[in-house]
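Generate coordinates for the entire structure from the input sequences, incorporating the hints supplied.
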Amino acid sequence: VSQERGEPLGATVGYSIRLDSKASAATCLLFCTTGILTRRLEEDPQLRGVTHVFVDEVHERSMESDFLLMVLRDLLRRRSDLRLILMSATLDADLFARYFASAATPAPPTIVVPGRAHPVTTVWLEGGLELTQHR
Numbered sequence: 001v002s003q004e005r006g007e008p009l010g011a012t013v014g015y016s017i018r019l020d021s022k023a024s025a026a027t028c029l030l031f032c033t034t035g036i037l038t039r040r041l042e043e044d045p046q047l048r049g050v051t052h053v054f055v056d057e058v059h060e061r062s063m064e065s066d067f068l069l070m071v072l073r074d075l076l077r078r079r080s081d082l083r084l085i086l087m088s089a090t091l092d093a094d095l096f097a098r099y100f101a102s103a104a105t106p107a108p109p110t111i112v113v114p115g116r117a118h119p120v121t122t123v124w125l126e127g128g129l130e131l132t133q134h135r
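In case it helps, full-length UniProt numbering puts the sequence shown at residues 1 to 135.
It should be emphasised that the hints constitute simulated quantities derived from the structure, not laboratory data.
One or more of the hints may lead you astray.
For each label pair, taking beta carbons as the anchor points, the in silico distance ranges come out as [unchecked claim]:
#1 G10 x E60: 24 to 32 Å
#2 D56 x L19: 19 to 27 Å
#3 E7 x R83: 37 to 45 Å
#4 G127 x D92: 35 to 43 Å
#5 V1 x A107: 28 to 36 Å
Glycine included, every Cβ here is placed at the ideal spot set by N, Cα and C.
Quick look at the structure:
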């Protein structure tokens, strides 16, 4: 994303993973792991300065990701200005909409973008070498 914006990595666009981070005070778009976001929530339960949280591949369930979604659901009740965007190629949108809805707020909107299935062909090593004309 930083390259597409013509900026050095770590300027307005950065990342943070377990043992590596490329971000600065100017970073306003940070790509990070579930663990990094959970740690940030421990340090700042209100996520001050954060306006949007994107969680990709939300269908890949783990204790860590389920815990994060639980904490974010609780935070959304306290911060009506925070926007949570859940993404997945195989998401059961209704399930997550019901989970994040409450008596005080209706089910959040969902956007479904139709995808295309691309044909998959199995090519064994010998055939692959033949196709690439590898010698």
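Do D56 and L19 keep their Cβ atoms within the hinted range of 19 to 27 Å?
Holds, at about 21 Å.
In this structure, is the beta-carbon distance linking E7 and R83 contained in 37 to 45 Å?
With Cβ atoms ~23 Å apart, the hint is violated.
Using the beta carbons of V1 and A107, state whether their distance is inside 28 to 36 Å or not.
Holds - the Cβ-Cβ distance for V1 and A107, about 30 Å, lies within 28 to 36 Å.
Using the beta carbons of G127 and D92, state whether their distance is inside 35 to 43 Å or not.
Distance hint for G127, D92 holds at roughly 37 Å.
Cβ separation of G10 and E60, checked against the hinted range 24 to 32 Å:
With Cβ atoms ~27 Å apart, the hint holds.
Hint 3 from the earlier list is the only one contradicted by this structure; the remaining hints agree with it.
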